[in-house]
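Sequences are here, hints too, so could you generate the full structure?
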Amino acid sequence: MKRMKVMTSIVAAGLASGALLTGCGAKAEGGDTECKDYLSANDQDKQAAVSKMLKDEKGTDASQLEITGTKLSVQTFCQTAGTENSTIKEAPHL
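Counting along the sequence shown from 1, when you hit position 65 you're at 65 in the working numbering, and nothing is skipped either side.
There's no promise every hint is true.
[To be verified] Calculated cross-link-like contacts (lysine to aspartate or glutamate; reagent style EDC-like; alpha-carbon spacing at most 20 Å):
id: 1; residue 1: K89; residue 2: D56
id: 2; residue 1: K58; residue 2: E84
id: 3; residue 1: K71; residue 2: E90
id: 4; residue 1: K71; residue 2: E34
id: 5; residue 1: K36; residue 2: E84
id: 6; residue 1: K89; residue 2: D61
id: 7; residue 1: K36; residue 2: E90
id: 8; residue 1: K55; residue 2: D43
id: 9; residue 1: K71; residue 2: D61
id: 10; residue 1: K89; residue 2: D43
id: 11; residue 1: K52; residue 2: E90
[To be verified] Simulated restraints on C-beta separations:
id: 12; residue 1: S63; residue 2: N85; range: 14 to 20 Å
id: 13; residue 1: T60; residue 2: S40; range: 25 to 31 Å
id: 14; residue 1: P92; residue 2: Q64; range: 18 to 24 Å
Honestly, the hints are just simulated from the structure, not real lab data. All of these numbers come straight from a predicted model, not from anything done at the bench. A virtual CB, placed ideally from N, CA and C, is assigned to each residue, including glycine.
Structure (structure tokens):
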């Protein structure tokens with residue numbers, strides 16, 4: 001029984017660290033974030049990735065409305081036409 005608890009703790013710690021690494025990747029890469037990382041990221045990291053992508057493209061901060069619309073477009077693209085290795089900048093957006 002003790003062995004099972006230890007194994008469960010190890011697996012949980014591994015999943016938690018993987019989620020943290022994935023979230024950081026989505027946040028730091030902007031438009032180069034791959035769909036597999038974007039889809040597994042939390043909402044805050046998705047927001048940061050899209051915001052960075054739009055700022056890199058336009059040179060200025062995007063409005064919240066533009067970020068929200070682009071997040072929806074990226075989510076739809078990654079779940080349908082995109083592959084896990086597609087980047088979010090490939091998604092249709094303004």
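Against the structure, the hints come out as follows:
In summary, the hint linking K89 to D56 is supported, as the alpha carbons are separated by about 11 Å, within the 20 Å threshold. Distance check on the hinted pair: K58 and E84 sit about 26 Å apart at the alpha-carbon level, beyond 20 Å; violated. Among the hinted pairs, K71 with E90 is consistent with the structure: their alpha-carbon atoms are about 12 Å apart, no more than 20 Å. In summary, the hint linking K71 to E34 is supported, as the alpha carbons are separated by about 14 Å, within the 20 Å threshold.
Only pairs whose Cα atoms come within 20 Å are accepted, and K36 paired with E84 is accepted, the gap being roughly 5 Å. Among the hinted pairs, K89 with D61 is consistent with the structure: their alpha-carbon atoms are about 16 Å apart, no more than 20 Å. Among the hinted pairs, K36 with E90 is consistent with the structure: their alpha-carbon atoms are about 14 Å apart, no more than 20 Å. At roughly 18 Å between alpha-carbon atoms, K55 and D43 fall within 20 Å of each other, so this suggested pair holds.
In summary, the hint linking K71 to D61 is supported, as the alpha carbons are separated by about 15 Å, within the 20 Å threshold. Distance restraint check for K89 and D43: the Cα-Cα separation of roughly 17 Å lies within the 20 Å cut-off, and the hinted pair is therefore satisfied. As the CA atoms of K52 and E90 are separated by approximately 14 Å, the hinted pair is consistent with the 20 Å bound. With their beta carbons about 30 Å apart, S63 and N85 fall outside the hinted range of 14 to 20 Å.
Separated by about 29 Å at the C-beta atoms, T60 and S40 satisfy the suggested range of 25 to 31 Å. Restraint check, P92 to Q64: a C-beta distance of roughly 19 Å satisfies the suggested window 18 to 24 Å.
In terms of the numbered hints stated before, the structure departs from hints 2 and 12, listed from lowest to highest.
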